[in-house]
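Q: Sequence lines, in order, name chains A, B and C. No gaps in the numbering here: position 142 of the first sequence is 142 in the numbering used here, and each next residue is one more. No gaps in the numbering here: position 36 of the second sequence is 1036 in the numbering used here, and each next residue is one more. No gaps in the numbering here: position 223 of the third sequence is 2223 in the numbering used here, and each next residue is one more.
Check before you lean on any hint, since a few could be wrong.
Taking beta-carbon pairs under 7 Å as the criterion, some of the chain B residues facing chain A (in silico) [unchecked claim]: (1) GLN1105; (2) PRO1125; (3) GLU1127; (4) ARG1151; (5) TYR1153.
Computed beta-carbon distance windows for the label pairs [unchecked claim]: (6) B:GLY1157 / C:LYS2085: 42 to 50 Å; (7) C:ALA2052 / B:VAL1034: 19 to 27 Å; (8) C:LEU2375 / B:VAL1034: 40 to 48 Å; (9) B:VAL1034 / C:LEU2218: 46 to 54 Å.
Anything over 10 Å on all C-beta distances counts as not near chain B; from chain A, calculated [to be verified]: (10) GLN90; (11) GLU137; (12) ALA390.
Since the hints were derived computationally from the structure, they do not count as laboratory data. Note that the Cβ used here is the ideal one computed from N, Cα and C, for glycine as well.
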Amino acid sequence: MIQPAKPDLVTVNIDGKEIAVPKGTNVIEAARLVGVDVPHYCYHPKLSIVGNCRMCLVEMGLPAVDPATKAPVIDPATGKQKVNWIPRPQIGCGTNASPGLHIRTTSPMVKDCREGVMEFLLINHPLDCPICDQAGECKLQEQSTGYGRGYSRFIEQKNVKPKRTALGPRVMLDDERCILCARCVRFAKEIAKDDVLGFIDRGSYSTLTCYPGKKLENNYSLNTVDICPVGALTSTDFRFKMRVWFLKQTDSIDTESSVGANTVVWSREGQIYRITPRRNDAVNDTWMADSGRVLFKQVTSLDRLTASGSIDALVARAADLLKQGSVAIVGSGRSSVEEQFLTKKLAATFGATVSLVSRVGQGDRFLVSADKNPNLRGALVTGLISALPAPKLTELAAQIDAGKIKTVVTVNEDLTAAGLTASHLAKVSVIFVGTHRVPTIAIAKVVIPSLTVFEKNGTFVNQQFRLQKFAKAVPGPVGATDDLIILAKLAGLAVTDVAAVWKLLAAEVPALGTMSYANLPDTGLLLDATPWAALPFAEGATLHYQPAAAATA
Amino acid sequence: MAVLTLERKPLTFAERTYLPQIFGGLKTTFAHLVRKKQTLEYPEHRPAIPPGYRGVPTLVMDPNGREKCVSCQLCEFVCPPKAIRITPGEISPDAPNSHVEKAPQAFEIDMLRCIYCGLCQEVCPEEAIFLQNQFSMSGYTRAEMVHDKARLYELGGTLPDKHLKWDHKKAAAAHGNAH
Amino acid sequence: MFDFFFNLPVIVQGLIKGLAVICVIFPIAGVCSMAERKVAAWIQDRPGPNRAIVPWIAWIPFVGTFLQRLGLFHVMADGGKMLFKEDSLPGHVNKFYFIAAPILAMIPALTTVTVVPFGAYLSATGEVMPLALAPLDVGMLAVFAVASLGVYSLILAGWASNSKYPFLGSVRASAQLISYELSMTLSVIPVFLWINAPGREATLGFARAVEFQSQPGLWGGAWFGFLMPVSAFIFLVALFAETNRTPFDTIESEADLVGSFHTEYGAFKWGLFFVAEYSHMIVGSAVFVLLFFGGWNPLPWVPLATLVNWLGHFLPCAHAPLFVGVLSIAIFLLKTLFMIFFFMWVRWTVPRFRYDQVMKLGWQKLLPLSIANLLFYAVAIAFIQK
Chain A
1 MIQPAKPDLV
11 TVNIDGKEIA
21 VPKGTNVIEA
31 ARLVGVDVPH
41 YCYHPKLSIV
51 GNCRMCLVEM
61 GLPAVDPATK
71 APVIDPATGK
81 QKVNWIPRPQ
91 IGCGTNASPG
101 LHIRTTSPMV
111 KDCREGVMEF
121 LLINHPLDCP
131 ICDQAGECKL
141 QEQSTGYGRG
151 YSRFIEQKNV
161 KPKRTALGPR
171 VMLDDERCIL
181 CARCVRFAKE
191 IAKDDVLGFI
201 DRGSYSTLTC
211 YPGKKLENNY
221 SLNTVDICPV
231 GALTSTDFRF
241 KMRVWFLKQT
251 DSIDTESSVG
261 ANTVVWSREG
271 QIYRITPRRN
281 DAVNDTWMAD
291 SGRVLFKQVT
301 SLDRLTASGS
311 IDALVARAAD
321 LLKQGSVAIV
331 GSGRSSVEEQ
341 FLTKKLAATF
351 GATVSLVSRV
361 GQGDRFLVSA
371 DKNPNLRGAL
381 VTGLISALPA
391 PKLTELAAQI
401 DAGKIKTVVT
411 VNEDLTAAGL
421 TASHLAKVSV
431 IFVGTHRVPT
441 IAIAKVVIPS
451 LTVFEKNGTF
461 VNQQFRLQKF
471 AKAVPGPVGA
481 TDDLIILAKL
491 AGLAVTDVAA
501 VWKLLAAEVP
511 ALGTMSYANL
521 PDTGLLLDAT
531 PWAALPFAEG
541 ATLHYQPAAA
551 ATA
Chain B
1001 MAVLTLERKP
1011 LTFAERTYLP
1021 QIFGGLKTTF
1031 AHLVRKKQTL
1041 EYPEHRPAIP
1051 PGYRGVPTLV
1061 MDPNGREKCV
1071 SCQLCEFVCP
1081 PKAIRITPGE
1091 ISPDAPNSHV
1101 EKAPQAFEID
1111 MLRCIYCGLC
1121 QEVCPEEAIF
1131 LQNQFSMSGY
1141 TRAEMVHDKA
1151 RLYELGGTLP
1161 DKHLKWDHKK
1171 AAAAHGNAH
Chain C
2001 MFDFFFNLPV
2011 IVQGLIKGLA
2021 VICVIFPIAG
2031 VCSMAERKVA
2041 AWIQDRPGPN
2051 RAIVPWIAWI
2061 PFVGTFLQRL
2071 GLFHVMADGG
2081 KMLFKEDSLP
2091 GHVNKFYFIA
2101 APILAMIPAL
2111 TTVTVVPFGA
2121 YLSATGEVMP
2131 LALAPLDVGM
2141 LAVFAVASLG
2151 VYSLILAGWA
2161 SNSKYPFLGS
2171 VRASAQLISY
2181 ELSMTLSVIP
2191 VFLWINAPGR
2201 EATLGFARAV
2211 EFQSQPGLWG
2221 GAWFGFLMPV
2231 SAFIFLVALF
2241 AETNRTPFDT
2251 IESEADLVGS
2261 FHTEYGAFKW
2271 GLFFVAEYSH
2281 MIVGSAVFVL
2291 LFFGGWNPLP
2301 WVPLATLVNW
2311 LGHFLPCAHA
2321 PLFVGVLSIA
2331 IFLLKTLFMI
2341 FFFMWVRWTV
2351 PRFRYDQVMK
2361 LGWQKLLPLS
2371 IANLLFYAVA
2381 IAFIQK
């Protein structure tokens, strides 16, 4: 793709303010740049433009020129060039910025248009706000406060439409609330490439429906719920669970694969209710996979590990085992960069060998990549490993067989699943640091419960070598300790939080030398990937990512 | 604005002895001694509750016995002392009120926290919560002072309602679309 | 009739008298505290305490309800509470003096009662004989001397509490009590100048004062309150100050001193202070009635003997010593109780003085006035009796 070195800028005038915007920017985006909000429903920056909601009507005009001479026509009253206003309002989403375009978003006509559109939209819209899950984040509610009448002139019966249509396993449709913006239809067609949605019937009877015999069941179906400007599409998982105004939003990262989709975790009083995507145009645009949205259920799952005693007692028992020497450490591609760094320090302290477990599965070429370890590249960047790991710990098994290993520390990796047999494990003492019950803990000498990604701070390095941070959304359960603290205590370090680890990281990892956790931008930071360009990574192409091999080819 | 100078009259000798005032005061207090008592003797005599009185918050049913609360949680949100705690729930599609879709699974008002401000009543879009006439609420345990949903409906009972919007909606659905 | 009593050993007689004082003063103090609450309530248009009742008394029609409304059983409830609640002893106090203070408060309160005559009977010769537990010739002096010891208990309580508000309260108490004792003493001297007329045995007893108010004639029958109004006024004001009653209760002003010297006290020890305060009020009122309001004489210019003689026309037993005694005690008690009511009445009428106002009134107003009053009567009495 050939990008112009410098984008062509055009100057537009929005409510009297001049701004230069890249050519091709539409009026809504241009207005956003000067801080003017143009209300809209059907327009979505990542979808095609259809212009069917008419909410973004604005007044437009071009500077007047004499048709014959092309000389500017000067208004004698103001001494400035006259503007020929188009007598009818135009939709902002469908109009691209052109040189000298004048836009009025606050004129009486614009206000009249918005009020008129709102009145039509609300004619058949049910008074469901008290029971509607969208309430609080509903565009229709928002614009009603600005442009609604406050009462209805419509004395006839409102339309009655189906209230509970299951479009798919995860999406529920309330047709009465639908304002026919067709965002979901376009998403299914353009982004999910699973063209199953469409409208039937006409006029006020138009109804969103799936094509006969089809269902909205692809792995991206819940994005339609996110982009629905009203409460027509709701998630069956979140439906009627909690009002959004109670929920605290915490920036996080999707851990299901090395794509590292940016997410927002919505929680209240230590309980997570949903996960939604966070816009990052370099990683996931505004989308994420449905499979990543249920990961929070692991937080309260019944097989969560907790300890009744103090962490120090557990660490002391582990230290006794570690003191015997001949330690092997099984690190994890699911640990954060900071934890991997501390794992490396732990290995250095005891002269231990380090192995990782690779998890390669199927990618979907969109937002789920083949590598299911979210932070494999973090292990490379911190120097925990230098080559890609194998799916099975055969090398470690051989060492155990050879009697070279007495103690194995595993950081949230199930050793039995990673290829060690019971006879191997019988020969060593296992120290398990992890969150959930896995077969390994049955034979582990010491089990130290740790936290999930939702309960701690940290960073991941995704497949693009983009360093992205996640934050603690909810407190961990009683009896589980932050992995950072566990690893630091095992390694005999006195760090207790991410900021302290980052001081060590900056000192010891050259690639991270100039950064700190607090300064890391919300959209992540691209690291230099050249040292590892030759490694045969498992990922195929996904959104905003081309494998290095393919890119150079 | 003109400055008014008020002349302060010098006190007479009688006034300076303070005694006439004391005798005047004694007269006044004695008049009160024999006057009719103003106190309401509470448990036997109850005050007349004026309209709009803010007593104990309760949940009410509509005249058809339908649970009005739809667990929108606005009262929980607005409650200044955070006395209200709602667990929202979905009404089963088979239930007679399935068209309402949402109802509280649990609704608790902690009367040890409630400050009787009435914001919950004011904010309720379904007119389901009312601060009614009961003003005396006590219990032997803390748990007893946390009113659960059953207790709130028991206290609230049924209030007259002219809107019946959900019944209209059900009727419209039964009538079906015009086309 | 009472010979067996007078035949008892003196010690036993004394013990019986002492017990009688305790048995009379404690209930009266309790009833006074209830009266205080009732009067306060009535002046504030409230019914006051009206709930407590003993079950079987509640079953008596009308009377039970009346007693309940009167709040009499609240006295019992209060007393029971004081007796049975935990008698806490703060850790920071000086324990010996802390416990000694309320006991010391009771000593002058109960001792002064004994010298105050509370009634009279007609002797066989038709003479009016006063009734008192210890009819001292120096009655007034004894009352002044013993009553002023009361200030020591307040000082002790405040000091032993080892806490600043009690201490401030006790400092105020000592200053105030001493200040007003001067005026009080000076105000009664004209009375005793008058009753110690030449040719009679000198006395500081109260009986003579009452006797002088029982004489025939316009001047003889007039109570001293009419003859010496300024004396009566000064004595009354000083009495308010001496008994720490509003408007002179800066010592106990809870707004700035919490509970003053009894801040750290609770339960029965605290109750003793209250009993002491009420018995001071009772004795003070009694002395005031004796000196200025005719003692047991029913009305001005109507002595007890006249009343008894008049009653003799209707009642054959009117001259019996027991009847006269009871009648005189009733009259005297009524007057004293009215004085106590007056104390309460004033409490809800006049706001509390500031401490500096109390001092200013005591030293700059009352003391000069009482000296002037004394000089005037000394000269006047000398002139009249010449």
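Q: Which hint numbers does the structure go against, in order from smallest to largest?
A: 1, 3, 4, 5 and 9
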